[in-house]
Structure formats: C-alpha cells, structure tokens
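Which chain is which? The protein sequence lines are A and B, in order. Heads up: the first sequence runs through residues 1 to 322, numbered per UniProt numbering. Heads up: the second sequence runs through residues 1 to 534, numbered per UniProt numbering.
Keep in mind that the hints were calculated from the coordinates and are not lab data. Treat each hint with caution, since some may be false.
[To be verified] Now the in silico label distances, taken between C-beta atoms and shown as ranges: (1) A:168 x B:95: 20 to 30 Å; (2) B:229 x A:88: 46 to 56 Å; (3) B:114 x A:152: 29 to 39 Å; (4) A:130 x B:90: 52 to 62 Å.
Just so you know, even glycine gets a beta-carbon here, dropped at the ideal spot from N, CA and C.
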Amino acid sequence: MDFPTILQVLDSTIRLATPLLLACLAGLFSERAGIFDIGLEGKMLIAAFFSAAIAYTTGSVWMGLLAGVASSMVLSALHGVASITFRGNQLISGVAINFLAAGMTVLIAQDWFSQGGRTPSLSGGARFNAITLPFAEALQGVPILGPIYHDLISGHTILVYVAFLMVPLTWWILFRTRFGLRLRAVGENPAAVDTAGVSVVGLRYAAVAICGVLTGVAGAYLATGLQAGFVKDMAAGRGYIALAALIFAKWRPWYALMSTMLFGFLQAVALRPDLIQNTIGIRVQVQLLDALPYILTVIILAGFVGRAIPPRAGGAPYVKER
Amino acid sequence: MTDTAPAIELKGISKAFGPVQANKDISIRVMPGTIHGIIGENGAGKSTLMSILYGFYKADKGEVFINGTRTEIPDSQAAISAGIGMVFQHFKLVENFTVVENVILGAEDGFQLRPSIAKARKSLKQLAEEYELNVDPDAKIENLSVGHQQRVEILKALYRQADILILDEPTGVLTPAEADHLFRILDNLRNEGKTIILITHKLREIMEYTDTVSVMRRGEMTATVRTAETSTEELAELMVGRKVLLRVDKKPAQPKQVVLSVKDLRVTDSAGVERIKGVSFDIRAGEIYGIAGVAGNGQSELMEVLGGMQAGTGTITMNGEEIDLTGRYSDGQSRRARSIGHVPEDRQDEGLILDFTAWENMVFGYHRDPDWAAGPLMNNAGIVQEAEGKMQRFDVRPPNPHLTAKNFSGGNQQKIVLAREIERNPDLLLVGQPTRGVDIGAIEFIHQEIIRLRDEGKAILLVSVELDEIMSLSDRIAVMFDGRLMGERDPAEANERELGLLMAGISEEPDKPAWKAVDENLDAIEHGEAPKHG
Numbered sequence: 001m002d003f004p005t006i007l008q009v010l011d012s013t014i015r016l017a018t019p020l021l022l023a024c025l026a027g028l029f030s031e032r033a034g035i036f037d038i039g040l041e042g043k044m045l046i047a048a049f050f051s052a053a054i055a056y057t058t059g060s061v062w063m064g065l066l067a068g069v070a071s072s073m074v075l076s077a078l079h080g081v082a083s084i085t086f087r088g089n090q091l092i093s094g095v096a097i098n099f100l101a102a103g104m105t106v107l108i109a110q111d112w113f114s115q116g117g118r119t120p121s122l123s124g125g126a127r128f129n130a131i132t133l134p135f136a137e138a139l140q141g142v143p144i145l146g147p148i149y150h151d152l153i154s155g156h157t158i159l160v161y162v163a164f165l166m167v168p169l170t171w172w173i174l175f176r177t178r179f180g181l182r183l184r185a186v187g188e189n190p191a192a193v194d195t196a197g198v199s200v201v202g203l204r205y206a207a208v209a210i211c212g213v214l215t216g217v218a219g220a221y222l223a224t225g226l227q228a229g230f231v232k233d234m235a236a237g238r239g240y241i242a243l244a245a246l247i248f249a250k251w252r253p254w255y256a257l258m259s260t261m262l263f264g265f266l267q268a269v270a271l272r273p274d275l276i277q278n279t280i281g282i283r284v285q286v287q288l289l290d291a292l293p294y295i296l297t298v299i300i301l302a303g304f305v306g307r308a309i310p311p312r313a314g315g316a317p318y319v320k321e322r
Numbered sequence: 001m002t003d004t005a006p007a008i009e010l011k012g013i014s015k016a017f018g019p020v021q022a023n024k025d026i027s028i029r030v031m032p033g034t035i036h037g038i039i040g041e042n043g044a045g046k047s048t049l050m051s052i053l054y055g056f057y058k059a060d061k062g063e064v065f066i067n068g069t070r071t072e073i074p075d076s077q078a079a080i081s082a083g084i085g086m087v088f089q090h091f092k093l094v095e096n097f098t099v100v101e102n103v104i105l106g107a108e109d110g111f112q113l114r115p116s117i118a119k120a121r122k123s124l125k126q127l128a129e130e131y132e133l134n135v136d137p138d139a140k141i142e143n144l145s146v147g148h149q150q151r152v153e154i155l156k157a158l159y160r161q162a163d164i165l166i167l168d169e170p171t172g173v174l175t176p177a178e179a180d181h182l183f184r185i186l187d188n189l190r191n192e193g194k195t196i197i198l199i200t201h202k203l204r205e206i207m208e209y210t211d212t213v214s215v216m217r218r219g220e221m222t223a224t225v226r227t228a229e230t231s232t233e234e235l236a237e238l239m240v241g242r243k244v245l246l247r248v249d250k251k252p253a254q255p256k257q258v259v260l261s262v263k264d265l266r267v268t269d270s271a272g273v274e275r276i277k278g279v280s281f282d283i284r285a286g287e288i289y290g291i292a293g294v295a296g297n298g299q300s301e302l303m304e305v306l307g308g309m310q311a312g313t314g315t316i317t318m319n320g321e322e323i324d325l326t327g328r329y330s331d332g333q334s335r336r337a338r339s340i341g342h343v344p345e346d347r348q349d350e351g352l353i354l355d356f357t358a359w360e361n362m363v364f365g366y367h368r369d370p371d372w373a374a375g376p377l378m379n380n381a382g383i384v385q386e387a388e389g390k391m392q393r394f395d396v397r398p399p400n401p402h403l404t405a406k407n408f409s410g411g412n413q414q415k416i417v418l419a420r421e422i423e424r425n426p427d428l429l430l431v432g433q434p435t436r437g438v439d440i441g442a443i444e445f446i447h448q449e450i451i452r453l454r455d456e457g458k459a460i461l462l463v464s465v466e467l468d469e470i471m472s473l474s475d476r477i478a479v480m481f482d483g484r485l486m487g488e489r490d491p492a493e494a495n496e497r498e499l500g501l502l503m504a505g506i507s508e509e510p511d512k513p514a515w516k517a518v519d520e521n522l523d524a525i526e527h528g529e530a531p532k533h534g
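Chain B on its own, in the form it takes in the complex:
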C-alpha cells in the first residue's frame, strides 16, 4: 500500500473567520480503502476542514491532492467531479420529493426528467443489492425514518460515483441498531475500495470502526495515529489537552420518598397528533431516572409538560400534591414555585436569551423572588453579585456576568443554565440533553454536578439521546418510543443491545439479527402499520 498515492492529502490548510483561526496549518493523508476518523471537541475545526474539502469554503492557504493530483475545489460541483461525496449532519434532502428525485437532483442526464429517473431507479436497485442500502425509490423523504434518510444521502453520493465519502457525525440521530447497520454499509464500501472519512465525537465509534484517526484541537491537528495503536484514554487526552475522567464515578443511589408521580399522562400537540400515549412512572428523592430514546419519541413533550410549557391530561403529583396541567397554575412560574427546576433540552432557544447578559439570564424564572425584586423594581446590583458567585462555583469561563450569553461556548452556556436551576435547590430537577454540543471537559463537570445534587437527596429526571450518558448516570432507565415507555431497566443489568432494541420499539428479542428486526419494524411504520409494541 506504500506505493499507492493517498486518496486524499491535505497540505498546510489554514482558514480564518475574522479573528477566529478555525484551521491552522493542517496536513493529513488518507490512504484509499480505509476508514479514517477525525475526532475533536465542538469548535475544534473538523467541520470547517471538511467544508473546505467539499468546496463550501475556500482555504486561505494550503493545497489539496486527490489521488496524488493537485486539485482546486472552488465549489461543490468541483468536489463532486473529484469523486468526493458528503453526508452532512443535517441532511440536505428535499422533504417532499421522492427518494429518486433527491438522488438525481443536480445529476440529471438531460433536460427531460423521465430518462434520468429511469436510469437512477436501475442504479439504485444495483446499489441496494451491492451495499445493503435498501430504500423504496418512490417513497417521499418526509415519510422515511432518519436512518433511511441517511441512506438516501449515501446513495446520492454513490450515484455521483463518489470514491471518497465524508460523514459528519452520522450516528447522532440513529438508534444503536441503525448505527450498526450504517457501519456494516461503510464496511462494505471500504471493501470495495472506497475511502471513508468519519467525523465524530464518539470515541467508541473511532476505536471500533476506523483504521486510522486524526485528533483536532482548537483548529490544529494534534495527532494522527493508527487506531490499533491507541486507546480511548489517549485520544481523549489528545482532544482536551489534559487527562479526562471518562467514566462517571458515583456511589449507589439511596432512594427515599416518592417526589414526582406521573400517572397516565397524555399529550396531544397543536396538529392533533398524540405525542404521549399514556405514560406512568415515579421518581424518588435521591435517584436519577433516565429516559433514553431516539429524538422525537415524546421525550421533549414530557419535559415540556413537567416544566409547564405544554398542557396535558392525566395526574401528576409533586411531593404528594397534585399539580395543575391545563389551568391557570400550569405555567413555568407555578412549576418553579413547586420546587421543580428545569434545564430545557434546547438551551439556546428555551434555556437562555442569547442577546441578554449572563446575569440577566441567571435570574430568569426567579425574577419575582422577593430577594431580587421589590414590586416592579429589580435589585440589579444584588443579582449581578449573586450571578458572579454562581459563575465561579460552576467554573463558567470567562466568569464575567456582564458578557452576553451568545458569547459563551456551548459548555459554558449550559453551565449558566445549570447554575441558575441547581443553585435554587429544587426538589426535582428536569434535565434535557445536558451535554449536547458540550466539550468533554465540561461534560465531566456537568455530570459531577448532577450526581452531587442526587447525593443531596434530590430527584432528577434525565432525558438524553446519548445512550452512554443515560447508562452511566441513571439509577433507573426507561426507554421511550412512540409516546410510550417501553419498560424499565436496572442500569447494572441493562445492556446497550437490549436498550437499542427498545429504542426502536421492539421489546422482545427475536431470533433474527437486531438490525434486521429494526429495519422491518421501521418499514412497517413507514407503511402506516402499527409498530410492534411488546
């Protein structure tokens, strides 16, 4: 393999956005027929680098070589001609077009569509057989599951004869079984001699599936190593620049009285679709109740009802007293009065007002507190002082309460929200996606804070799409699928495979391989049949 030219070689790539140096003098070689991982924290410059390779941005400096020849990539068209295909984290599909229409878009053969469609249909059939990439060519994208939509993206690239496939965080939206299937596809592609670049922040995927791996930190490439010769610990250290505790250290829970009790909760959204279809559970003081599941299965609605952002029906009691679900006392203000803290799933939309300062953000929801308000007047000096203290305790960087929220990094924004809610000492804390888009260093801190609150005897409801996070933090795990809880598991006994099946709506383990069962179940849902609930 030493005498073949690398499929991709980047030499001295630099790119700045204003004062921010997103990529600094990056060089990298990827050999054909390999899977190369690129790992790094948010904002390390991975996506910028790949956008340069796909012609979205022009590098300030540096050269790109494809299969040994120097190639200019001024736009996406040039990247496609050079045999590069890209699967973005947020799919670039036209939702109300069919699969085949999406595949030919931009790669049509002539002015009339009919011949192109016929040709694409044939080619899709071939690709499906070759790589296990089955999708109904006439299905509309909006009716497909996320996993199938991703296949369409891969098919788009292959239809354009891509030899190099770049995947940006491909498993973030997939169930574990769907992710397994994706990696089988990638494996097939590698065996056919295709080159694959996998961008991810999940160390496990890197270790399991890549041949070589590059680590990026603050715009620089800090190392490129053979995956077989490294370890997760070493990679994590290279990413963050210091030693990181990857495991969560916690003592066994000591649950006490029931704090929150939910009975037969149902939620119907504004379009009349039932999002939560009868959910019941209890959370005790001193335990973390984790809800796993693929995004969009009702977890968000559950958090919104408990946080007072949406109406529902059923019975919810908090510390033994029923709370109002539809009436005058069903708003966020009333929930906070009942000692429920809420860290919303989307911190930028719901947790913060990005154009306001940190101290203003840290008093929201508690601004009527007599400590901070005398009638209509606010005690601003006191609030600022208080915010400063909280920011120090939560290690928010920089600890400047007068900075606007949007100027903090994702991890520090999350710490601001957490500091606001945790420091009020709520009996129940609702935490949604606490570490989404947060760097490893901050994840460690946030996890420790959540466990500290539990050890103080508070009840915590944790909703996360990261299964690893649910498994390492929770004292009890429930899986949510299609508006229902698919049963509870003890994290000590649960395994990822079983939870993964539950996340896809399959509660009994069938004889066939997991990915196949999941696939068939998804097909059934797409065709309007009821999913197979256990």
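Just chain A, with the same shape it has in the complex:
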C-alpha cells in the first residue's frame, strides 16, 4: 500500500468518523447526566431528513442545519419529558423515538417530494462544501507533511472541524467548569446534587438539550456533508455504533475520539475491498467487511474490552427519598 492510498483511507476515516464522533459526544453529555439515550439513531435520522429537506427548499445549507438541529431537539425534548419529568423507562422512550423517526422521515419525504421516501439531490449552496485551509496549496510540495496537510487535514466540510474541536471543548466543559462538575455529579448521585441545592431536573434537561444539538449536527452532516440528500434509513445504525463507541471510550471525550476513529477506519476499509486483497493477499467478502463495525459493536457491548463502569445513576429516574 503506497502513501497516497493510506492518505485516502485515512481521509475517508475522518469523514466517516465525524457523524459517529458527534453522536458519541452527544451520548456522552446525556449519559454523564444519568440519561441513557438509545434514541441517538432516530434523532440523527430525523435531523438528516429535515436538514436535507429544508436545505433543498430554501437552497441554504445553514437553514437546513438549523432545521435538522431543531427537529433533533424536539425528539430530545420528548425523551426528556418521558424520562425526566414523568420518570419513564429511558430505553423504551429511546426505542419509541427510533421507530417514530424511521417511519416519519420516509412518510413526510414521500408526501413532500414523491421520490420514494428520499429528498432530491442537493447541490451548490444546499450542501456543505469542502473548505481549503490556508497554505494548503502552497505547502503541498513539502515531503510527507505537505500531502498530509493538503489531503488529510485540509479539504473537509466545516462540520468535520466542528466535530473535532468539540472533543477538547467537551473535555473542558466536563472537567474544568462548574456546569461539568454538576453534570457529572447528577449522573453519579443525583441526591448529592439535590441536597446541595441544585436542580436535578434542570441539569438533566440541559444535558438532553446538548445531546439534541450534537445529534442534530451529526444528522445534518450525514445528509448535507457526507452525502447529498436524504435516503431512507440513512443513519444505518450509526446511533448504535456511537453508543458502543461511548462504552468503549468509558464515557471520556478523548477516548471517544479514538474509539469513533477506529469505527470510522473500519467503515473506510470496507469501502476498499481491493486494498485488503492487495495487502493481505486474501479476498475477503465485501459483506464481511461491511459487517466489521457491527461485529466490533457486539464484541464491545458483550464486555470483552475491559470493564467499563457507566455513570452510577444512569438509567434511573430521580425520586426524592422519604
């Protein structure tokens, strides 16, 4: 495998890891506050649809992004009301959201565009286009570092950079701010937060809202950045993979970056079966390569990769003790 090919694979790794990373960080905020969110998948899907639909109708990708985030936040609010205010079961609420999104997106798409449950293709200002970082062209001639900067780091859409910058930002918020301290505390022992005179409900809604924004961006990236338009079930299990990556990352932002990059890499490799054949000399079935990220997900969820201790109050609604 030569250097340009490696760069190519890594380049698609970054693009494919971006939605996973955003969704993973979204789940991180929610779960650190004690709200399990299996509905990441549904929220990404609905955000993908609305961002594509609105971007197509208005011709502005920014309007699309806004619509995607808004739709994802509506579902987040639903999850919040069910699991925080009414103390319902968080898993069931999440599953309901996934079903709702899967059905609703296709139904509305068919009603609006009559193209078999998809949106028309996006082009021009209705999509996020690649941006070239400063000096990318000028430095291209520098050996090794030049191509890395030009091909790998430069030339992605703005959302990719946003996703990667979210990692240090998330870390800073969680571990260096008052809000982060309280957020982590409410996921570990809400009674401690409550007796300290801080609102458990308020903190959890804040976490769920942040989760909604980030999954919204993830969904919008799918339809307006990674691809050009919405197609049925386009989240393709990414919400679940993000959850597995979150467990793999032990609910930590930097680990989340690494674990989503690993999943992104597997997805990137699955796109290039010819490379595998050239490198290891065996023809591997494409279907097997496609299944790799999901197989890894199952392995992680089965707990083969070390013990991950989830936030202690995760999944449990807070009820004041008598």
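Once you have looked at the hints, place chain B on chain A.
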C-alpha cells in the same frame, strides 16, 4: 441566654402523606450553642420533621423561625442560605469525586472550577485545624472509611457557613471510637456557638451528649426536657408509651455439646476479593455466640455461607457431620434439612417477599414439607391456619395472615421471619441484625424469644452491628474485622472500649487515646497498607 432568640423555632408544623399523619402540630425551640436531641421510634416522624426544615418537603401547616425571623424554606437552597446544614443517614456524596469536589458541589464561586477548588482547599485546611476534621482533600470518596465520609458531609455543611447542623442517626455506621471522635467534633462546634440537632434512637447518646431532648411518638412531640433532668427509663417510656424493660434478663448459659463447628472458612466474592480470610469457631447447644463488628467486615458473607446462599472453602460440621459448601447440597434447602434456621440480615430483600401475603411468606423454605405439600399441590388452608397460630404466638400485629408483607411495620415483619424460623425448632439459628429498624417494644420481645430458644438448648449465632445488643444477648463474643475474627471475649469481662478497638482492627491497647489509634489505622488502610492485626 433567655434574651437571645432561639436558633430554630418550629410552630405548629403538620405534614401528612396521604392518610398518614407524619407530623402533627409540632412545636420546638432550640437555643443557639446547644446540642438538642430528637429521639423516637422508627416512623415517629423525626426524619420527616428534619426534611421539612431542610426544604425537602413542604409542611401542610406551621411556621419556621430561624434566629427569630420567620423563614420560608421551599427547597434545600433556601435551607442552605438560612445557615442550615444536614448530614443524612445515607451520605449524599459522589463516590468517584474527590473530597474537595464534593465540598464545592453546588457552592462553586464561578463558571471555572480552578479558583473554587483552590479556595475550598484552603478553607478545608482551616476547618481541619479548628475542629479536628482531618480528611485528605484529594482522596476519592470511595476510598475513604465511613467515618471519614461522614466528616466530608460535616465539612460540606461548614463550608457553606452552616450555623445549624442536623445529624440524622450519625453513629449507626461508626465504630465506638469513631463515634467518640464525632462527638468531640460536635462538642467543638457547640463551643464555637453552632447549634446541633442530633436525631438518634440510641438513648445512651442522648444522655451523654445532648443539652436538651425532644421525644416524638406517632408524629407528635410528646415532651421536650433538659437532658440533665431526665433518665433513660423516662425517655424510653415517653417513646413507647409504656414502661419498657431496657436490660435483657437472662440466666447464665448452660452450654452442652458442639452443634456447629467452623474451621478455616474462606470466602471469595464474585469480584475476586477475599471477604472471609480463614475463620474458625464452635457453637455449643444452649449458647448464643455473638459476632460484633462494623458492617462490611465479612459478617454478611459468614451468614450467607452458613445459610447456603454463597459458596466457600474450609470445613463446617453440623451436629458432627460435615456440610457441603460448594456442591449440590450447599443451598438453603439443604441447610434447612440439616436443622439450620436462618433469619437473614436484610429481611426485606432476603427474608421476605414483600408483595406476598404473610401466610405465603411463613411457609417459604418449608414449602416442600410433607405437611404442606402433596407432590406439586400445596395445602393452602392448612398453611393459613398454621400461620395464624404462629402470628398469635409471636404477637404479630395485625394478626391477619392474608395481609401482604409490605403492609406490616418493620418490627412485625421481623416477627414474621422469626416466627417462621423459630417455630421449626432448628438446632442452630442464624440471626442477622434482628432488631435493625425495629421499635423498642418489639426489640424487647425479639430478644426474649432468642433467649427462650437458647434456654431450650439450641445453638444461636447472632450477628449484629449494635454493640449493645451483642453485649447484652451473647454468652461469648467475637469481633470480626477485615474478614477475620479478632479474638473471643467473655461478655462479663469485655468492655465497650476494648471491643470498639477490636472492631477497628486493633487488638492491643496502645498508649495513645483510642480515637487516635483508630484514626491512624484507618489512614493506613486507606493508603493501601495492611491493617495492624494483633
């Protein structure tokens, strides 16, 4: 002191939960710079009253005055602003946070944490010097001993400038030496002019440490008196509403043959941690063998192995025959067949199925008995009749076998379990925490039943975290610490101080004061060094 306003004054507080009147027209005055005790049985309404004061519940009626001004306390934030701090029975700490993080939680100074942490660190150092409240500010809560965790709770309140400190059953989880240290701290706080409310069911603590005491019974405040002008007998009578026998009356034991013999028992839990590290002892017919110790030192595992709920290694013989510790006959059913009765430590989780009726609960474990079962069919009518008789003999109230278990009070639930096990006439009875959460009246009855069984020539293994209970019931006392038995004592010769040291893992009496030795030993354990075994 008569012209100063009371630190806390409650006027006519009432609170109902549905049909249950938890607090009825309660009025109370606590002067600043005093320790005020509130004593009462379980469910008397003490905790409800304090939760109202801390803003957890809203009173239906009544007024709260803090330092003479009428104060509304709609939530905990308001209570904190009014200078009230609370140390709950179950600590409200974030286990994987450090001490300093727990202290600042909710009382941070700005959006960024760093300045708050620096400030708290300084203030913790000052508080530690002032009140002997030493804790490592960077230690994680989960690595601290229970006594130190409690200090963090007190520090939390002091860091928030609390002038009034409420402690709910603070000594339930402490060794006697740790409790002594706690009361020294409280004494220091009182001398600084802080007001302390101590909720407890232990009459001894009230008599020794409080200035004034209020007694609650069934949601009402039955009396408020100066501690110096009352006696334990009077307080007990005020709590229960009738005269109570506080001492246990028993004849000397007449031990006979060995019933249970345990040799080099070891138990490793599912996480691979050795919980029992080689324990050996014998129990004879006609004696009560008491095991004292702070919760979590292996007593639970010991009871579970003997009761057939957990596997272990070593040799255990019952009436001269070895019993199976790991194989097919190591379950509870087989233990009962060998005439071992088991009153588990946690009656609500292990002793009863709370949603089942009393009569169903009273046949569990014996449901395959030919008297009650013909093949797969149960003789329900017979079981109900039998249960009714047992409930009468054990004075279970109400004596209605068709009532679900959760509708009985703690004391009556315990009597149901005891009736089931004792009435089978086992050669060995395992009793764990027989009076935890049980009211004084029922404690008296339960103690008498255990002694009656002993006098009938049965062997009894008693595990309790209440040292008073161990000392008054047992014929021989062993102290368990860190999975080992720290030696046996004769209750007639043992004193609380010596047992207290054993409970903290110190077998020889050093020259320094007990609390200090215990403190250093705990520090050593927290820092991963081996405890000093004798």
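Checked hints:
One distance hint, 20 to 30 Å for the beta-carbon pair residue 168 of chain A and residue 95 of chain B, holds here, with the actual separation near 27 Å. At roughly 55 Å, the beta carbons of residue 229 of chain B and residue 88 of chain A sit within the given window of 46 to 56 Å. A hinted range of 29 to 39 Å for the beta carbons of residue 114 of chain B and residue 152 of chain A is consistent with their spacing of about 35 Å. Between residue 130 of chain A and residue 90 of chain B, the C-beta spacing of about 56 Å keeps the proposed range 52 to 62 Å intact.
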